Amino acid sequence: METILFLAPTEADGTLSQNALETLGAAKALTAELAGSSLIAGLVGATIQPAANQIAGCGATRCLGVAGTELAQSRYSTDAAAAEALAQAAGATLILAPAGSRWNRALPGVAQRLGGRVDTHVTALAAADGKPAITRWYYRQRMEGTLTRTTRPWIVLLESGCAPAWSGDAGRATVENIPVALPPLRTSVTGLKAPPADEQTIRPDAKLLFVAGAGWTKKQADGLAHAAEAEQLILGFLKTAQASLGSTKSLVDLSGEGQAVLKFMTHLNQVGQTGSTPRHPKGLATCCHGEEPHTVGWRFIGERRAINLNAGCSWAQGKADVLYVADAFAVMREVNRLLAARPS
Amino acid sequence: MPSYHIVVCGSLVPDPLQTLEPISTPTGPALKNEMMLPAMLDPWAGHALFEAANLAKQHPGSKVWLVALGPKAKLQQVLMTIAQKVPFELVALDGPASGFAESAEVAAALAGAINGITGLDKTRLLLFGGWESASRGTGTTMQMVGEHLGIVDQFQGVDQLTVRSDGSFDILERVEGGKHQVSACAGAPALLGWATGNLPEPANNPQVGMLNMRTAMPALQRAKPIKVTNDGVAFAGVSLPRQRRDTRIVKDLTPDAVAREIVEWITRD
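Same order as they appear, the protein sequences are chains A and B.
Under my numbering, think of the first position of the first sequence as 149, with each following residue one higher.
Under my numbering, think of the first position of the second sequence as 16, with each following residue one higher.
No lab work stands behind these hints, which were simulated from the structure alone.
Please read these numbers as outputs of a predicted model, since none were measured by experiment.
Any given hint could turn out to be false.
Straight-line distance between alpha carbons at most 20 Å, and here's what the computed EDC-like set of lysine to aspartate or glutamate pairs gives [unchecked claim]:
id, chain 1, residue 1, chain 2, residue 2
1, A, Lys341, B, Glu191
2, B, Lys194, A, Asp353
3, A, Lys367, A, Glu379
4, A, Lys355, B, Glu191
5, B, Lys47, A, Glu292
6, B, Lys266, A, Asp475
7, A, Lys387, B, Glu279
8, B, Lys194, A, Asp475
9, A, Lys430, B, Glu279
10, B, Lys194, A, Asp346
11, B, Lys78, B, Glu104
12, A, Lys387, A, Glu347
13, A, Lys430, B, Asp261
14, A, Lys387, A, Glu292
15, B, Lys242, B, Glu49
16, A, Lys355, B, Glu104
17, A, Lys430, B, Asp284
18, A, Lys355, B, Glu49
19, A, Lys355, A, Asp370
20, B, Lys100, A, Glu232
21, B, Lys87, B, Asp30
22, A, Lys366, A, Asp401
23, B, Lys266, B, Glu276
24, B, Lys266, A, Glu482
25, A, Lys387, B, Asp284
26, A, Lys279, B, Glu104
27, A, Lys366, A, Asp475
28, B, Lys194, A, Glu159
29, A, Lys430, B, Glu276
30, A, Lys341, B, Asp185
Using the sequences and the accompanying hints, generate a full structural model.
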């Protein structure tokens, strides 16, 4: 029997993100699976009433909130204080929260304050033998473990795309405002730094991840490197296909070393061992080479295709659904032409 | 100009090019032949160490400590590769560096070691580490260490730290969508979990290596044994994912035909 706290930050407009709704869906399902358990909602943000109304029909026995202008900003000291207060007010034994930079930063410290434990990057949540059990990856997505804990409270941060989002009727919810003593503020968030919209290459919501490998910068059949054309082809494809860009480590390292390579490529694009493991329905890898460890960047990609001159490429063999043995420059030139010719 | 006491928390991980295989042991999951696997400093902890050394160099009077928990023999092996990179003083803890070790217990051990550093001025403390490890990969240990030490100005996924002349600083943290959140902090003490940062790996410097090893070897000899019990956690299993897909190799299509097939595929719902 668990007291489950669904704990989420609100967006700028006071509503909940898609990932938060997925976590609520998982929390509701788990509450039903664990006999005698109850669900409580906890909301944090500058404005929380819209979120409370949004999930009014979720079946939570209570809706707790901490609201204030200081909580508009994603900041450790205030977020941790708010989450700690909500966990204590709820008497939560299990705290389910959406993974994201904000909660990933704050909730591990909250677990320490509460004398509990925390698991992040959780990809599945279920009841096993009447106890909650989670699944997460170890060694950078190279092995998967399932575990349960007896220590409470237990904080679980659920990754996006791992559970169906809760959907239900909105209503008028009554929020119990929980008082919080915030610490002196020594940190202020002054803004976001992002490439201009037309130069943004990372699109988490894109249907397709386009992975570029170091092969784009190597000498081609004419004995010359064509980095400028590679840039043009890749950026052109990203724009027309609205794809997100990933890269192998070798390619971003080349960029970092100041070589004449793809200027828009940064470490933020890197997928794999020391990069990200993005989630997209489809992935297209081009000119990528690498042994098994580097392919962890593919772990959460649904359909996978690759273009490579080497039919035995270890990046693609056994990891992609289709491997096209072809010149990526020639293929992507034609892909861009076909996409541009499509009616909008 | 401010000067800092910079403590970097970092441990070792198996070389990423090694094949890893999980096994079950009476104390929980482990890696097959774990002690035989070549090890390296955790990549993000390495970035934190290089950023710490660079910051200390720019702010005379600063000092860098590396607090590392791992099997003593493996720590010594890893030191041989990193000691020539940048100057630091080692504080070693002899215990597991496993990805299955409980982060709360690791954090308590690290915090205890930091509290034991002679001459550490916590008003000038910058606590660095990787924002995640390449082993457990939870991104939870540093926050807990910070809580043990009472540091509530914490930043994760840091790619840039810019110190102003008054000791305050601006920080870029990775957030969703390939963006950075920009924060201004009044100054030390603060905790920064580094992502990649902006620095290349420093070249080896034998003089730095000799200087580091003078203090590192005694630090290894007096490394305090740490036992991680993993109390309260029970693994139902750890396994390798199914790796193989039945890859269809397409060798005989022209680039134009491949392009048509790809466009049809990516535009299909």
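Cross-check of the supplied hints:
1. Lys341(A) - Glu191(B): Holds: Lys341(A) and Glu191(B) sit about 11 Å apart, inside 20 Å.
2. Lys194(B) - Asp353(A): 14 Å, holds
3. Lys367(A) - Glu379(A): 15 Å, holds
4. Lys355(A) - Glu191(B): OK: Lys355(A) and Glu191(B) at ~16 Å, within 20 Å.
5. Lys47(B) - Glu292(A): Holds: Lys47(B) and Glu292(A) sit about 15 Å apart, inside 20 Å.
6. Lys266(B) - Asp475(A): With Cα atoms ~11 Å apart, Lys266(B) and Asp475(A) stay inside 20 Å; holds.
7. Lys387(A) - Glu279(B): Status holds; Cα separation ~17 Å.
8. Lys194(B) - Asp475(A): 32 Å, violated
9. Lys430(A) - Glu279(B): 13 Å, holds
10. Lys194(B) - Asp346(A): Roughly 14 Å between the alpha carbons, so the hint for Lys194(B) and Asp346(A) holds.
11. Lys78(B) - Glu104(B): 8 Å, holds
12. Lys387(A) - Glu347(A): OK: Lys387(A) and Glu347(A) at ~9 Å, within 20 Å.
13. Lys430(A) - Asp261(B): Given that 20 Å is the threshold and the Cα spacing comes to 16 Å, the pair holds.
14. Lys387(A) - Glu292(A): Between Lys387(A) and Glu292(A) the Cα gap is close to 35 Å, so the pair fails against 20 Å, i.e. violated.
15. Lys242(B) - Glu49(B): Satisfied, since the Cα-Cα distance of roughly 17 Å is no more than 20 Å.
16. Lys355(A) - Glu104(B): 48 Å, violated
17. Lys430(A) - Asp284(B): 10 Å, holds
18. Lys355(A) - Glu49(B): 39 Å, violated
19. Lys355(A) - Asp370(A): Distance of about 34 Å is beyond 20 Å: violated.
20. Lys100(B) - Glu232(A): 41 Å, violated
21. Lys87(B) - Asp30(B): 17 Å, holds
22. Lys366(A) - Asp401(A): 14 Å, holds
23. Lys266(B) - Glu276(B): Answer holds: Lys266(B) to Glu276(B) is near 13 Å, not above 20 Å.
24. Lys266(B) - Glu482(A): 17 Å, holds
25. Lys387(A) - Asp284(B): 18 Å, holds
26. Lys279(A) - Glu104(B): Judged against 20 Å, a Cα distance of about 45 Å means the pair is violated.
27. Lys366(A) - Asp475(A): 12 Å, holds
28. Lys194(B) - Glu159(A): 16 Å, holds
29. Lys430(A) - Glu276(B): With Cα atoms ~14 Å apart, Lys430(A) and Glu276(B) stay inside 20 Å; holds.
30. Lys341(A) - Asp185(B): Holds, because 12 Å separates the two Cα atoms, which is no more than 20 Å.
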